[in-house]
Every structure is written in structure tokens, then in C-alpha cells.
Amino acid sequence: NGFGRIGRLTFRAGLENPNIEFCCINDLVPPESIAYLLKYDSTHGRFKGKVEVKPDAIVVNDKVIHCVSVRNPEELPWGQYGVDYVVESTGLFTDY
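Numbering (this note's numbering), first residue to last: 1160 to 1255.
Treat the hints loosely; a few may be bogus.
As the list claims (entries may be wrong) - Straight line, CA to CA, 30 Å or less: simulated DSBU-like cross-link-like pairs of lysine-lysine: (1) Lys-1209 to Lys-1222; (2) Lys-1198 to Lys-1209; (3) Lys-1198 to Lys-1213; (4) Lys-1198 to Lys-1222; (5) Lys-1207 to Lys-1222.
If you're looking for bench data, these hints aren't it; they were derived computationally from the structure.
Here the structure is a predicted model, which is why all the values come from computation and not from measurement.
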């Protein structure tokens, strides 16, 4: 939840762990912006993998990652995407 600096760093680190699978990103920006920010990081450099944009998703190294834009955490469709764990990286929702 949140794909700012911390969300992207968590994502990059998690891609190197075969036990972690990313299936959904919740952020208020569209998938095109999510893909761009992942590809071109001003601090960590260009992403070495393959990044594409699809309607309501990004594709990273041939893996589809759904993108949603939901403000209220109670309305997030995590179950629809088979989410087991959520990284809360917006800093806004500390009560969950």
C-alpha cells in the first residue's frame, strides 16, 4: 500500500527473494506513473528488469502486478488478488 520511495525500495528488495511474490500495488497515481517511477529511480538508478504497462496493472519481468487506487484501506480488494501480507508504506494508516 503506497508506492513512494519506501514502497519502491521494498519492491526492489523483494524481487530478489524467491519466497516473495508481489500481486497488487495500491497507489493514487496511475499504472503509467508507477512503472515510470520504478524504471527511473533518481537515487538507485535505472531498474535492470523489464517493466511494461497494461490497463490497471504493470508487468515486471513478465509477472502481472495489479494496480488499484483506493484511499480507504477498509475498501482495498486484497482478497480479490490473493494477498497474504501488505506492506503499509504510505505512513497514513497506522491503526491496522
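Verification of the hints:
{"no.": "1", "hint": "Lys-1209 to Lys-1222", "result": "holds (10 Å)"}
{"no.": "2", "hint": "Lys-1198 to Lys-1209", "result": "holds (8 Å)"}
{"no.": "3", "hint": "Lys-1198 to Lys-1213", "result": "holds (15 Å)"}
{"no.": "4", "hint": "Lys-1198 to Lys-1222", "result": "holds (15 Å)"}
{"no.": "5", "hint": "Lys-1207 to Lys-1222", "result": "holds (15 Å)"}
Checked against the numbered hints above, the structure breaks none of them.
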